[in-house]
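Chemist: From just these sequences and the hints, can you work out the full model?
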Amino acid sequence: MAKAPKPSSNRSRLYVPEPQFRPGDTPDYSHISVPADHTPARPDPLCDHHETAEHALKLIRVLRFNGDAVGEWDPKLSTDALLGAMNDMMMTRAMDERMFNMQRQGKMSFYMKSTGEEAVSVGHAMALKNSDMIFPTYRQQGILINRGASIKEMMCQCLSNSGDPLDGKSIPVLYSFKKHGFFSISGNLGTQLIQGVGWAMACAYKNEDGIASVFTGEGATAEGDFHYALNFASTYRAPCIINVVNNQWAISSFQGIAAGEGETFAARGSGYGLATLRVDGNDILAVYAATKWAAERARKGGGATLIEHFTYRQAGHSTSDDPSQYRPKDEAEHWPFGDPVERLKTHLIKLGVWSEEQHEELAKTCKTEIREIYKSAEAMGNLSGATHVNDYTMFEQVYEHPPEHLEAQRRMFTQELD
Amino acid sequence: MAKAPKPSSNRSRLYVPEPQFRPGDTPDYSHISVPADHTPARPDPLCDHHETAEHALKLIRVLRFNGDAVGEWDPKLSTDALLGAMNDMMMTRAMDERMFNMQRQGKMSFYMKSTGEEAVSVGHAMALKNSDMIFPTYRQQGILINRGASIKEMMCQCLSNSGDPLDGKSIPVLYSFKKHGFFSISGNLGTQLIQGVGWAMACAYKNEDGIASVFTGEGATAEGDFHYALNFASTYRAPCIINVVNNQWAISSFQGIAAGEGETFAARGSGYGLATLRVDGNDILAVYAATKWAAERARKGGGATLIEHFTYRQAGHSTSDDPSQYRPKDEAEHWPFGDPVERLKTHLIKLGVWSEEQHEELAKTCKTEIREIYKSAEAMGNLSGATHVNDYTMFEQVYEHPPEHLEAQRRMFTQELD
Amino acid sequence: MADVKTQSMTMIEAIRDALDVTMSQNSDVLVFGEDVGYFGGVFRCTAGLQEKHGLHRCFDTPISEGGIVGIAIGMAANGLRPVAEIQFADYIYPAYDQIASEAARLRYRSNGDFVAPLTIRTPVGGGIYGGQTHSQSPEALFTHIAGLKTVIPSNPYDAKGMLIEAIEDNDPVLFLEPKRLYNGPFYGDPHAPAKSWKGHPLGEVPSGHYSVPMGKARKIAEGDDVTILTYGTMVWVAEATAAQLGLSADILDLRALLPLDLDAITESVKKTGRCVVMHEATRTSGFGAELAAQVQEHCFYHLEAPIERVTGWDTPYPHAQEWAYFPGPKRVANALRKIMDAA
Amino acid sequence: MADVKTQSMTMIEAIRDALDVTMSQNSDVLVFGEDVGYFGGVFRCTAGLQEKHGLHRCFDTPISEGGIVGIAIGMAANGLRPVAEIQFADYIYPAYDQIASEAARLRYRSNGDFVAPLTIRTPVGGGIYGGQTHSQSPEALFTHIAGLKTVIPSNPYDAKGMLIEAIEDNDPVLFLEPKRLYNGPFYGDPHAPAKSWKGHPLGEVPSGHYSVPMGKARKIAEGDDVTILTYGTMVWVAEATAAQLGLSADILDLRALLPLDLDAITESVKKTGRCVVMHEATRTSGFGAELAAQVQEHCFYHLEAPIERVTGWDTPYPHAQEWAYFPGPKRVANALRKIMDAA
Ligand SMILES: Cc1ncc(C[n+]2csc(CCOP(=O)(O)OP(=O)(O)O)c2C)c(N)n1
Ligand SMILES: Cc1ncc(C[n+]2csc(CCOP(=O)(O)OP(=O)(O)O)c2C)c(N)n1
Ligand SMILES: [Mg+2]
Ligand SMILES: [Mg+2]
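Residue numbers (this note's numbering), protein chains in the order written: chain A, 1 to 418; chain B, 1001 to 1418; chain C, 2001 to 2343; chain D, 3001 to 3343.
Honestly, the hints are just simulated from the structure, not real lab data.
As the structure is a prediction and not an experimental result, all values here were calculated from the model.
A few of these clues could be false.
To be verified - In silico lysine-lysine, DSBU-like type, Cα no more than 30 Å apart, as pairs:
| no. | chain 1 | residue 1 | chain 2 | residue 2 |
| --- | --- | --- | --- | --- |
| 1 | A | Lys364 | A | Lys375 |
| 2 | B | Lys1076 | B | Lys1300 |
| 3 | A | Lys329 | D | Lys3052 |
| 4 | D | Lys3338 | C | Lys2270 |
| 5 | D | Lys3270 | C | Lys2338 |
| 6 | D | Lys3198 | D | Lys3216 |
| 7 | C | Lys2270 | D | Lys3271 |
| 8 | D | Lys3052 | B | Lys1300 |
| 9 | B | Lys1350 | B | Lys1292 |
| 10 | B | Lys1329 | C | Lys2052 |
| 11 | C | Lys2271 | D | Lys3338 |
| 12 | A | Lys58 | A | Lys300 |
| 13 | C | Lys2052 | A | Lys206 |
| 14 | C | Lys2052 | A | Lys300 |
| 15 | D | Lys3052 | B | Lys1206 |
| 16 | A | Lys58 | B | Lys1058 |
| 17 | D | Lys3270 | C | Lys2270 |
| 18 | D | Lys3271 | C | Lys2338 |
| 19 | C | Lys2271 | D | Lys3270 |
| 20 | A | Lys152 | A | Lys179 |
| 21 | D | Lys3005 | D | Lys3052 |
What the hints assert, rightly or not - Over the 12 Å line for every Cβ pair with chain C, so calculated as not near, a few chain D residues:
| no. | residue |
| --- | --- |
| 22 | Val3004 |
| 23 | Ser3024 |
| 24 | Gly3079 |
| 25 | Asp3113 |
| 26 | Phe3114 |
| 27 | Asn3183 |
| 28 | Ser3196 |
| 29 | Leu3202 |
| 30 | Ser3211 |
| 31 | Ala3217 |
| 32 | Arg3218 |
| 33 | Asn3334 |
Even glycine gets a Cβ: it sits at the ideal position worked out from N, Cα and C.
Modeler: Rendered as structure tokens:
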């Protein structure tokens, strides 16, 4: 695509932020100094929140680009755990890839990839108990994969077919897996943040050990629910983690629109009296370590932590989006924090427990496995062919017991089926 | 009233904040160290917002209890200006007093005093241009008085009589005075904050010099609109001032419910990249100085400032409220920051331009003047007698031109008047 | 109910009693909202509950209606039975998204995986010179939302039984409290001496647990001339005005708007052949429109005159003109006369 | 309109053209919303406007519908004519308070001291497999609010003229865009090849400034058997189905729901004696209820059969069952047959 002309500049004093690079520009991030040794110290998880104020402005990193894991945040995971993490990330990526392609073939109405953000979901899930309730957005499929949800069921949900646990009621990717501590995803951005705080308050009320972990993209932090969540979490010291996945983009608008250009997303938490961490979201060890810290704080009664996961959305917003319309095609490659899978790979190789060959092998296995699962899922129907979802299910689960007026409508509907 | 027994303490881990003192307790604020010399420095109004981060946690003060005005924030106002300030504050207080009593006599449905908070409204107004648009709450009547609004019209609004510029449409105190740069007050808390930011954006868009100054009580900062206001102000660098009047109470709940106990209200602004000031709201010179600073910053293109005015609501929330139900009767007297009128009085006396006698004289004059104005206002009707408001006005100003269905309803209404 | 002890109560006391009974029987019931804790609510509906049940079971919240409903949803999904108060229905709009998009649809969206059995209590209606922001009746904005139930009691007996039923219901319920009826019935004349519930038969409230089944209307007067469908404050205005006109009216206090007692409605209208629908809310797209639509759908061939709607005007609720806005005895009488004169 | 140049346009292009024309003529007109700036909107309705008119006149906002409407109110009060986009009507609820409590009531509350002449554009309706959160038609939640106007075009010609009219109106206007009609008319069969506006007479859009007066319905078919009242996507489904059944139907595209063209409605119903009301929104308390209530109020003695409502079901808009939910040709035909068979 040709370089789009820059819009005529402001002729008034009204300031409107613009991203640095637009289609046709060559992204240059050399001014971003990737912090190497500047990772802030790891305070006690029950510290006063002021001790984490600087963490909101810096960046917690463990994995160096050369593959070393360094610093006090290094969680020193076992080789098994690291290899498990690699597997989950690569399964997530393989599934995203497959589903994206199948959507392109018309098998489902829509799909959303999490490419580039797998470390956030997988690393986060690894640091929590499976019973901790996640209030996810549509880009945390890695959590389900880490928790052993049925990939076939996930795919059936996307295909809206007879194997869909949601009976076709919801658009693809809006999973609900209570058994895996994965709250029903809302299509309305932000709303679940405060619900997660309420869930956490209920855990505290019941003297249970569980915590809630709630997610938002950086774009959706502008909704009122984000404010409610921070505020109620602060007032009632709710045992929860509030995660902002800052992948730089909200459909076509860059993070400067979401929040202005003056401060980080993590810094929002400080003013509410919450602990705040900002973490390299492409560094799975850092994500793990920050989550572990916040979970300990929450579980021990220290209240909520706001974590900003600083990452990059490599793919389009969804299958309905074409990012080359509004950002340079190759921006992802210039992104200074690399790719989360590549970075773990380098680490594993440096540790001597992994090789390029094993990596390629795993990629192949994931691809095959996903293909096989997909086949068995599609056998249960897809949206472009027959979904095999019974249309009458649309009248179910509106209420616990359908009131008479709904029954009457169901009867009316029968007359349309001839 | 007998000391209410403390509620049984939490038997669960759910934390619920409580104020320090309840009815029957003797308030003791000796642990609050009133900062004397700890006023933070006055940075350049166009400084980077980070330079004001500490201001959010400290307290800007100019007036010492002994009457001295000290420090770099001292605005060095002329004697005339100081005496004018005293007059406006005392007129405001006298009006509140009269209207409260008249409400008790049934002359109006409702009233809200601003007692104890007169320095916030008067000091703020003095530091702005009269054309700067205020988005007030119901406790900034001092701004109208400072700007020379007709007190009689204000009273007529409260009395909902034939002199009411709002034709009886709104409950008392919800004034609208466009000609005095005073936006129509909404009964819905918080909503106007973001509207004020929009107003300011329009000023910038039109290359006008004006700014907007928006108000909220500390309690209403929990609404989503507060977040919208801070966020949009940050993104578009809107020329505005966002004022949080922290009078410690929101009807019956203390400020720890509003925001948790971890941080000041001013600190909210830091995370949004806004400049933040926290000011002794009972110190009219400090209020003036902080406002002046923020107005300069906004007008010169530096963007928004969040100012927390730290003060105390001496009266009940409104005439419908009885604060002795939930806080010690004498809490106001123990409030360590004194009374704003008394503090300015001490200063004026120390300056040698005022005396106890003159003060008493002024109090009397204000009282008389207010009584006279009130009489002439009440002569135009009141709610308990005849309001003299034409009932048909209720159909007006719903739209610019009434649509046919409203005309039909107006005709129907005619049939009810026999 | 022969040996059940009863006590004379206002609607406020009946609501408080319903909360007390359910809180006592079920530790999953939590009560919260603005000023509901130590202070006991601006209308005193929760007075004493914090003292009796503890700070963690009845507490104040930030002024954040969206947040209040948001935490209620999360708590309800996590097994509790939250009862949230919105201080005035006029302030429920910041929570509209959480109610309409979230509470109402959680069960459907998750196909029953998660549910939101919460109750939202909020005072509605005018009559206290509350003006535009303390007088609204927004019920129709909720009856349009699939997945929600909307109920509104008109007396202490119903208030207690219906609130218990709402709290125990497994779906989200909006419980609207006509504030003008808190202390006594109101027949539409603001200048008449205020009546109290004390001594009124419907102010005799059984102690302990009972419930009023949701979706059953209450016939408050039996008659043949005309059917009046109404709810909340207007129940009393309708009854008094019909009586004053000497009409033989069949009056239904609907109690629940959704689920609606269509059987009781059609039975009555088929009998009388005339129907007047009354509510305090703004006319256009008010719940009266739905009632009129359904009545003509189901009783068309029995109707002898057009269904009349008696409502508030299509303006905000004014302050000084409160009683000119309120659909009082004159507006009710005009409609009743008109429909009786028709055809 | 003899020498006015016209151009063949989709509804998207017509909307864009309306924005372009008003922005060109009046520097007070600003356009903003999520993704409307550089990108030009997820439905492309604002494509090119930033480039042409400047960054400060067409810009992206944070994802904050309440904030978007909030700044629009402040700007409008300060003399501008903001046109805010809400990306999908399903996401308008966080702005509900700002719309219903603020924009709609600012003029009344201040007795005309301040006004809010703003326009909110938002896509409504199903038909794109958008499921529960990209398909809703919430018009009835706005027609209940005094002080607001609610309009909905069904074709490119109207879209442009009505949008210009909305922007120039001195009251807040909600401008609903039936997204299924963005690219072409839709007759209700999702399997039929998609039609384009190009070549359609209503796709011929005059260039420059013109407006369609608010509150005038458009008669799209003249007939004697039955009156069909509808708007948005259902206009086309109604027309096609009535034609297929060989009915002589009087079909009104209402265009504005508030202000409503009651004269056109009563004139038609008095002629035909039968009335079917159609919309895609959920049935209970939908705008169809108001239409039915008014029609029976004004045309009772001319009605030969109960007014029928054809609507979406009282469930959230499902994904896979989209076409079972949508009030398509079968539901329309059943209702038309039923009303013609009646009495
Ligand atoms: C309330 C609401 N407004 C708008 C949308 C439309 N929308 C869906 S995703 C999206 C962008 C979200 O960006 P971000 O929060 O950064 O999350 P990301 O997609 O980057 O993970 C938008 C505007 C929505 N779903 N809900
Ligand atoms: C949206 C909304 N919710 C609740 C109320 C009821 N209400 C009116 S004033 C008030 C307390 C406000 O406290 P604060 O913001 O601290 O202001 P203050 O009265 O102390 O000046 C409440 C809860 C309201 N007016 N609007
Ligand atoms: Mg993002
Ligand atoms: Mg306060």
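Chemist: Next, verify each hint and record whether it holds.
Modeler: Outcome of the hint check:
{"no.": "1", "hint": "A:Lys364 - A:Lys375", "in the structure": "holds (16 Å)"}
{"no.": "2", "hint": "B:Lys1076 - B:Lys1300", "in the structure": "holds (22 Å)"}
{"no.": "3", "hint": "A:Lys329 - D:Lys3052", "in the structure": "holds (24 Å)"}
{"no.": "4", "hint": "D:Lys3338 - C:Lys2270", "in the structure": "holds (21 Å)"}
{"no.": "5", "hint": "D:Lys3270 - C:Lys2338", "in the structure": "holds (21 Å)"}
{"no.": "6", "hint": "D:Lys3198 - D:Lys3216", "in the structure": "holds (25 Å)"}
{"no.": "7", "hint": "C:Lys2270 - D:Lys3271", "in the structure": "holds (27 Å)"}
{"no.": "8", "hint": "D:Lys3052 - B:Lys1300", "in the structure": "holds (28 Å)"}
{"no.": "9", "hint": "B:Lys1350 - B:Lys1292", "in the structure": "holds (24 Å)"}
{"no.": "10", "hint": "B:Lys1329 - C:Lys2052", "in the structure": "holds (24 Å)"}
{"no.": "11", "hint": "C:Lys2271 - D:Lys3338", "in the structure": "holds (25 Å)"}
{"no.": "12", "hint": "A:Lys58 - A:Lys300", "in the structure": "holds (25 Å)"}
{"no.": "13", "hint": "C:Lys2052 - A:Lys206", "in the structure": "holds (18 Å)"}
{"no.": "14", "hint": "C:Lys2052 - A:Lys300", "in the structure": "holds (28 Å)"}
{"no.": "15", "hint": "D:Lys3052 - B:Lys1206", "in the structure": "holds (18 Å)"}
{"no.": "16", "hint": "A:Lys58 - B:Lys1058", "in the structure": "holds (24 Å)"}
{"no.": "17", "hint": "D:Lys3270 - C:Lys2270", "in the structure": "holds (25 Å)"}
{"no.": "18", "hint": "D:Lys3271 - C:Lys2338", "in the structure": "holds (25 Å)"}
{"no.": "19", "hint": "C:Lys2271 - D:Lys3270", "in the structure": "holds (27 Å)"}
{"no.": "20", "hint": "A:Lys152 - A:Lys179", "in the structure": "holds (15 Å)"}
{"no.": "21", "hint": "D:Lys3005 - D:Lys3052", "in the structure": "holds (22 Å)"}
{"no.": "22", "hint": "Val3004", "in the structure": "holds (36 Å)"}
{"no.": "23", "hint": "Ser3024", "in the structure": "holds (36 Å)"}
{"no.": "24", "hint": "Gly3079", "in the structure": "holds (24 Å)"}
{"no.": "25", "hint": "Asp3113", "in the structure": "holds (15 Å)"}
{"no.": "26", "hint": "Phe3114", "in the structure": "holds (14 Å)"}
{"no.": "27", "hint": "Asn3183", "in the structure": "holds (27 Å)"}
{"no.": "28", "hint": "Ser3196", "in the structure": "holds (34 Å)"}
{"no.": "29", "hint": "Leu3202", "in the structure": "holds (28 Å)"}
{"no.": "30", "hint": "Ser3211", "in the structure": "holds (24 Å)"}
{"no.": "31", "hint": "Ala3217", "in the structure": "holds (16 Å)"}
{"no.": "32", "hint": "Arg3218", "in the structure": "holds (21 Å)"}
{"no.": "33", "hint": "Asn3334", "in the structure": "holds (14 Å)"}
Checked against the numbered hints above, the structure breaks none of them.
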